[in-house]
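*Asks:* Read top to bottom, the protein sequences are chains B and E. So the first sequence is numbered by my numbering: it starts at 5 and just counts up by one. So the second sequence is numbered by my numbering: it starts at 82 and just counts up by one.
Honestly, I wouldn't trust all of these hints.
Capping the alpha-carbon separation at 27 Å, the derived lysine-lysine pairs in DSSO-like fashion look like this [what the hints assert, rightly or not]:
{"no.": "1", "chain 1": "B", "residue 1": "Lys-221", "chain 2": "E", "residue 2": "Lys-436"}
{"no.": "2", "chain 1": "B", "residue 1": "Lys-285", "chain 2": "E", "residue 2": "Lys-362"}
{"no.": "3", "chain 1": "B", "residue 1": "Lys-286", "chain 2": "E", "residue 2": "Lys-416"}
{"no.": "4", "chain 1": "E", "residue 1": "Lys-408", "chain 2": "B", "residue 2": "Lys-285"}
{"no.": "5", "chain 1": "B", "residue 1": "Lys-40", "chain 2": "E", "residue 2": "Lys-314"}
{"no.": "6", "chain 1": "B", "residue 1": "Lys-140", "chain 2": "B", "residue 2": "Lys-130"}
{"no.": "7", "chain 1": "E", "residue 1": "Lys-430", "chain 2": "B", "residue 2": "Lys-285"}
The set of hints was computed from the structure by calculation and includes no laboratory data.
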Amino acid sequence: MTSSILSSARKTQSNDRYYNKALLEIKNLIVEYPVKEGNVRAIDDVSLTLYRGEVLGLVGESGCGKSSLGFTILKLLKGGVIRSGEISFNDINLVTIPEGEMQLLRGPELSMIFQASQNALNPLQKVLNHFIDTLKTHYRWNDESWQKILELLNRLEIPESRLEDYPFQFSGGMQQRIVIALTLILNPKLIIADEPTTALDVLVQARLLEILKEIIKEYDLTVLYITHDLGIVAEITNRVAIMYAGQILEIGDTQTIFQNAAHPYTRALIEAIPNVKDEEKKLLSFIPGHPPDLRNPPLICCFADRCSYSQDICHSKKPQSINLNFENGVQHKVKCFIYDDRYGHLFDQK
Amino acid sequence: MIKLEPELNIQSGTPLLEIINLKKYFPVEGGIIQRILPTQKDYVHAIDDISFTINRGEIFCLVGESGCGKTTTANILVGLEEPTAGSFKWKDNLISYQDLKPKIKDIKSQIVFQNPYSALSPRMRLGDSVLHSLIIHNRVQDKITLKRLKNAFKSEIILFISALFSIFLFIISFMLDASSGFLIAITAALLFTLASGIYVNYSLIQKKKIADPRVLDLFTEVGLSPALQYYFKYPHEVSGGERQRANIARAIILNPELLIADEPTSMLDVSLRAGILDSLKSLQETHNISILFITHDLATARHFGDRISVMYVGKVAEMGSIDSIFKNPLHPYTKALIEAIPTPIPGDKAYNLPKGEVPDAVHPPPGCRYHPRCTYAKFPYCETEEPELRELFPNHYVACHFPLNSI
Numbered sequence: 005m006t007s008s009i010l011s012s013a014r015k016t017q018s019n020d021r022y023y024n025k026a027l028l029e030i031k032n033l034i035v036e037y038p039v040k041e042g043n044v045r046a047i048d049d050v051s052l053t054l055y056r057g058e059v060l061g062l063v064g065e066s067g068c069g070k071s072s073l074g075f076t077i078l079k080l081l082k083g084g085v086i087r088s089g090e091i092s093f094n095d096i097n098l099v100t101i102p103e104g105e106m107q108l109l110r111g112p113e114l115s116m117i118f119q120a121s122q123n124a125l126n127p128l129q130k131v132l133n134h135f136i137d138t139l140k141t142h143y144r145w146n147d148e149s150w151q152k153i154l155e156l157l158n159r160l161e162i163p164e165s166r167l168e169d170y171p172f173q174f175s176g177g178m179q180q181r182i183v184i185a186l187t188l189i190l191n192p193k194l195i196i197a198d199e200p201t202t203a204l205d206v207l208v209q210a211r212l213l214e215i216l217k218e219i220i221k222e223y224d225l226t227v228l229y230i231t232h233d234l235g236i237v238a239e240i241t242n243r244v245a246i247m248y249a250g251q252i253l254e255i256g257d258t259q260t261i262f263q264n265a266a267h268p269y270t271r272a273l274i275e276a277i278p279n280v281k282d283e284e285k286k287l288l289s290f291i292p293g294h295p296p297d298l299r300n301p302p303l304i305c306c307f308a309d310r311c312s313y314s315q316d317i318c319h320s321k322k323p324q325s326i327n328l329n330f331e332n333g334v335q336h337k338v339k340c341f342i343y344d345d346r347y348g349h350l351f352d353q354k
Numbered sequence: 082m083i084k085l086e087p088e089l090n091i092q093s094g095t096p097l098l099e100i101i102n103l104k105k106y107f108p109v110e111g112g113i114i115q116r117i118l119p120t121q122k123d124y125v126h127a128i129d130d131i132s133f134t135i136n137r138g139e140i141f142c143l144v145g146e147s148g149c150g151k152t153t154t155a156n157i158l159v160g161l162e163e164p165t166a167g168s169f170k171w172k173d174n175l176i177s178y179q180d181l182k183p184k185i186k187d188i189k190s191q192i193v194f195q196n197p198y199s200a201l202s203p204r205m206r207l208g209d210s211v212l213h214s215l216i217i218h219n220r221v222q223d224k225i226t227l228k229r230l231k232n233a234f235k236s237e238i239i240l241f242i243s244a245l246f247s248i249f250l251f252i253i254s255f256m257l258d259a260s261s262g263f264l265i266a267i268t269a270a271l272l273f274t275l276a277s278g279i280y281v282n283y284s285l286i287q288k289k290k291i292a293d294p295r296v297l298d299l300f301t302e303v304g305l306s307p308a309l310q311y312y313f314k315y316p317h318e319v320s321g322g323e324r325q326r327a328n329i330a331r332a333i334i335l336n337p338e339l340l341i342a343d344e345p346t347s348m349l350d351v352s353l354r355a356g357i358l359d360s361l362k363s364l365q366e367t368h369n370i371s372i373l374f375i376t377h378d379l380a381t382a383r384h385f386g387d388r389i390s391v392m393y394v395g396k397v398a399e400m401g402s403i404d405s406i407f408k409n410p411l412h413p414y415t416k417a418l419i420e421a422i423p424t425p426i427p428g429d430k431a432y433n434l435p436k437g438e439v440p441d442a443v444h445p446p447p448g449c450r451y452h453p454r455c456t457y458a459k460f461p462y463c464e465t466e467e468p469e470l471r472e473l474f475p476n477h478y479v480a481c482h483f484p485l486n487s488i
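Let the hints inform the model, and build the full structure from the sequences given.
*Replies:* Here you go:
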């Protein structure tokens, strides 16, 4: 009863707030890393839309291309080559614009929070200098800046007295907060958060997630949250994209993904996470095998070898992404033959 | 000071290893002036007087935030670190810490490290890595096994030399350009290639004989099958999960009675974690090993362990069976930890999160070490008096003045 009310409330809210205007649109993006033995296809035909004001979680195992995608959007990719595709941000195609213009976008428009924050801070500079440097580099230093720095510090619960300290004097959680403050000081529209809480302890992580949630609301940010932890995704995101072997296998509303996942990989992944609040001790399930080699991948379903539902068709063709209709009206896409009208009858159970 | 109460020993199952009042302080090395001047030396209180018992055939979990002394405990138990004070009881034999190091081989403990990428030698085949631990511990009595190891390399060298020689003959024959000499050279080269081919094929059959049957059996047991294929692979050829399995095999092959697993799954992906834990559990059951499972992930501990000890800044905060601790956490810290873990349920929120950070272990706070962050702390009592570890329920110990069931 309550859940239906909640879901209907969510529906109206979601239609109002999100999905009005796309901020970032990625179309058929292919990124490859040339190596000795061929090309490693890190991102394989990814299409993704980020709407204004939403938090999109990008989940996947290590080596699935989620960080590569983040770096590609900022064009900070080292060693990788964009083979084809389009990334449009506010109607600007980021793939084709020259580096000089991209440099103007990085910071005030698009920004990134990196995984290891301690490496993002200069050990020889006081924290205050970081703020001044960031603002001066982007020509945004003015009389109100000081007020703004103090306001942000206050918001992120960093004591003012510690502005004169060096980064090493801060704990991991505090350093990450400083990095977030440095990102926010330029008022970016889109933030790519690449595992910002991975290196932190649970208690610190929980506190930081709370702060992040509040800030996203207050500053009306659009966030691409890259993580491997489905628990964090459940807590912070509106929509989730599940990535595997360079492809997005499923994308949809967070609630739907967790309660009614369509793709076999998503289901297996959700079952594999231990829940600390379970009443009974239970045997954890796992996915046998390991992700495929991305050097010159064959044109079949990338999850076919590990999938418990796989049929002959999965080993001979590549599935296309299919739109699913759920009650709440949020677009839900899945790349699996089970949901394809032409091949669905080949699978006994869904 | 915690006194070791006799109740601490009465557990289901017989105790394998008792740790009594273990302490480990690391001296803080100051600058030059501090070293010259006779100032008071500071110490990091990594482990500050902890006691616990690991029973036979159980999985004992040690959880806590980073820097709480979990890994130091593990290192002490395998002899990589010397404790400042404390004693051990191994199967009812008291061993003082001074005798610990020479006796570490008697205490059959082995460790599985956190990072599978750096724990294996990149120049050794997986099988050789596992066999190597047998050689180090003088468990390879027969010299044949050692010879086999050397033979494995010999076959490759012979193939390489014969290939070089045949190429050399070809070149010579072309340079001489004499028809009869050319024919002779061609036949000789062909013969050499044939001979080397036969030798290599033979050595492939040999490989089966080279591979140690104990290692092969264990590889199948830890889930590395076909074992013969994995035996001759190098670490860079296999994935992280498979490397961790080889690490486990290397620890198990010495038949330890106590296996120390220091965050064995934290570097692995979620989809692989349960697989590794599964094989650990089945190994534990078949070989009757006790496992000291060290982790910061309470969710894994909840589904994998039998008993648990929660540590905070070098002290045990709460200890007991997994079920009773997770259903009924008595220490505010344990409760906060359980609350703070993100669950895979959307809309689930954490409440009563403690503020602040883990205190400095050089100058730990007086009284209860958790009181500066505790939301339930009552002053000045929590600030001055150090709580003792006491048994509130059967097999459920807590070090708190105001445990949560009394509020």
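*Asks:* Taking each numbered hint in turn, which are not upheld by the structure, reported in ascending numerical order?
*Replies:* none
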